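A.B. asks: Listed here are the chains, written in short residue letters.
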Amino acid sequence: MAAARLNVFDNLQLGHMLEEQRPTNGSLGIHAVVFPGSISFNTVAFLLSAASASQSTARTASLGFGLYSRNGATLSLANSASGSFTNTASAVSWMTLATSATQDITPGNWYLAFTFSTSQDGRVSLFCNSAFSGVADAAYGGPFFRGHYSATTNAFPASIATSDMNKEGGTGGGSFHPYILISA
Amino acid sequence: MPQLDFEMNYPTIAASRFTPNSGSITFCPMQIRDSISLNTVNLPLYSPSGAKTVTLRLGVYSITGSSLSLANSLSGSVDLVGDDKYLSLTATSSAQNMTPGTWFFGLLFSTSSNSNFTVNAMSHSRFNAENAFNFGFIGGAMTASTSALPSSIATSDLDVTGTDALAAPVMIISA
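Those protein sequences? They're chains S and G, same order as listed. Under the working numbering, read the first sequence as residues 1 to 184, first letter to last. Under the working numbering, read the second sequence as residues 1 to 175, first letter to last.
The following block holds chain G by itself, in its conformation from the complex (with noise of 0.2 Å):
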């Protein structure tokens, strides 16, 4: 398969939202299916009412046995009142071609003002199983505020269970 121009974990809008952790990092898998360039990551946000500004940092993260590993860091911000918006990152820490394969993304949210607002999903808000899945790491999310990006972080000391942890947000990477 020849270098791609795109890749995103959802082919349109999905039907879902979710409600991200303000302060603290869900991570959540994409499958990579050839070489892409990294260069801007695309998310549908919405908000109900009342204006803010939401800022997100994302991590670009690697996984080796139960270790998380950042590779790359975007970031980026968009004004919300009450509306359906995309929210782009562009600005990546480093030049990157991401290589096929698993890779994790970190998502970091701060507002300006409340949290209300949503992220477009794949999530369901009744996914939320009672036991953890014990057969390699599919999510999970942090259980301590943090304003920063971890450089590593291991997946043991995440929380694997609950919407939060098994999140999907709709994300789309371009060259």
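With the rest of the complex left out, here is chain S (with noise of 0.2 Å):
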């Protein structure tokens, strides 16, 4: 079956069970997907959400996306964005960044990485998954599919090992994961 040329594709549904939460400053975590039809990318978006606070200070974060492809043992930078957000009142907003090359990503396995960083005392949120507490005692067998990446780093290495990522459920593993919307 020939696969169909896509719009937008987003790694989970929007509004569905999507809850606020503050990944730690330099973290870089990764969570395959399937794309199931090819598509231009151009334009990637997370939502963020900025606290209430009295207080007039701006609210900043600084936010990373990566596509990996994985052959193997290794994780490689396909396409990279980043941005920063800035906020002076309480919202929730979008927040989109433009690709670092033009690419058609095929469909089947890819990798989706974020990177997140705030200077403000927290008050600014990412949209993911939503979960109790995640996988915290025991990390999944098999092939590397999602994890975080064992280094503190704001930026995207050209190649990763999987055997530097923490898989979900061992230890610095993680379970949350951004909500990313791609289009066209």
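A few of these clues could be false.
[What the hints assert, rightly or not] Partial chain G-side listing against chain S, Cβ under 8 Å, derived:
1) Asp83
2) Lys85
3) Tyr86
[As the list claims (entries may be wrong)] Partial pick of chain G residues on the chain S-facing surface, computed with a CB cut under 7 Å:
4) Leu4
5) Phe6
6) Asn42
7) Ser88
[Stated by the list, open to error] Label pairs and their computed distance ranges (CB to CB):
8) G/Asn128 <-> S/Ser119: 45 to 51 Å
9) G/Ser35 <-> S/Ala151: 32 to 38 Å
10) S/Gln13 <-> G/Asn114: 30 to 36 Å
Honestly, the hints are just simulated from the structure, not real lab data. All values derive from a computational prediction rather than experimental measurement. Note that beta-carbon positions come from the ideal geometry of N, C-alpha and C, so glycine has one too.
Hey, can you piece these two chains together into the complex? The hints should help.
C.D. replies: See the structure below:
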């Protein structure tokens, strides 16, 4: 069956069981997805939440997106986007990032990566998957499909050995990943 | 689309849990979007307290008309003591390259002691329709106890109402 062309792709259903999470500064999270069709990679968007506060200090956050493919035990960076968010009001906002290079994403497995950092008292959050507490006491078996990079970074390495990724469920694995929307 | 390295019915940990029937089978659907070599299946489990060993026999069923037929099976166990862990199943009964389409997974759980554990799922405790969905089989549960995966079973022999019948446990298939 020939795969269709997509206009938009999102990893989670918008509005479906999303909740605000504050990822650890300098953490790089990666999770696997299946693109059911091809899509021209143009814009990537996240949903941010700036918490209310009786202050006039601007709330800022830096956000990065990376698109990885996997070949055996190596993740390779195929594309990326980054930007900063600044807001002085309590609000939920879209943050859109432009890709670093044009790309036609082919159907199949890809790995979505994100980095996040904020300097103000944690008052900026990302809408992520919702979970009671995540899986924290034993990692999954088989090859890598979801987890967090073992090193602190705000940049996307050109390649990552999957052995350098903490699998979800194991120490440093983490279970929360942001809602991500890609549009052609 | 090329051969997949993994397939999953939900892209992350989900926000709900369901309590499986111990000693009987819940059948749930999963769309396989392209071919994948069946090697490992992972499910997130949770136990609030009490030490126990949870064993899962997972049947992979195809459907023709109103009959489910066993195509493959995996089994595995995990020790839980008030924690969240992945249950990883390997050692398929036979090598299989799963073809695209709708497959059904039959989950047969057993425990060494109490059955106080849950499976991470997309279900909701209130998702308990009073009437049956009569436009095709979308999942169901056996009402009788069993200790083995049936080689075939008629969907008409399954209870198709209730949270156990419509449960959607999070599953990740890896090649």
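A.B. asks: If you check each hint against the structure, which ones fail?
C.D. replies: none
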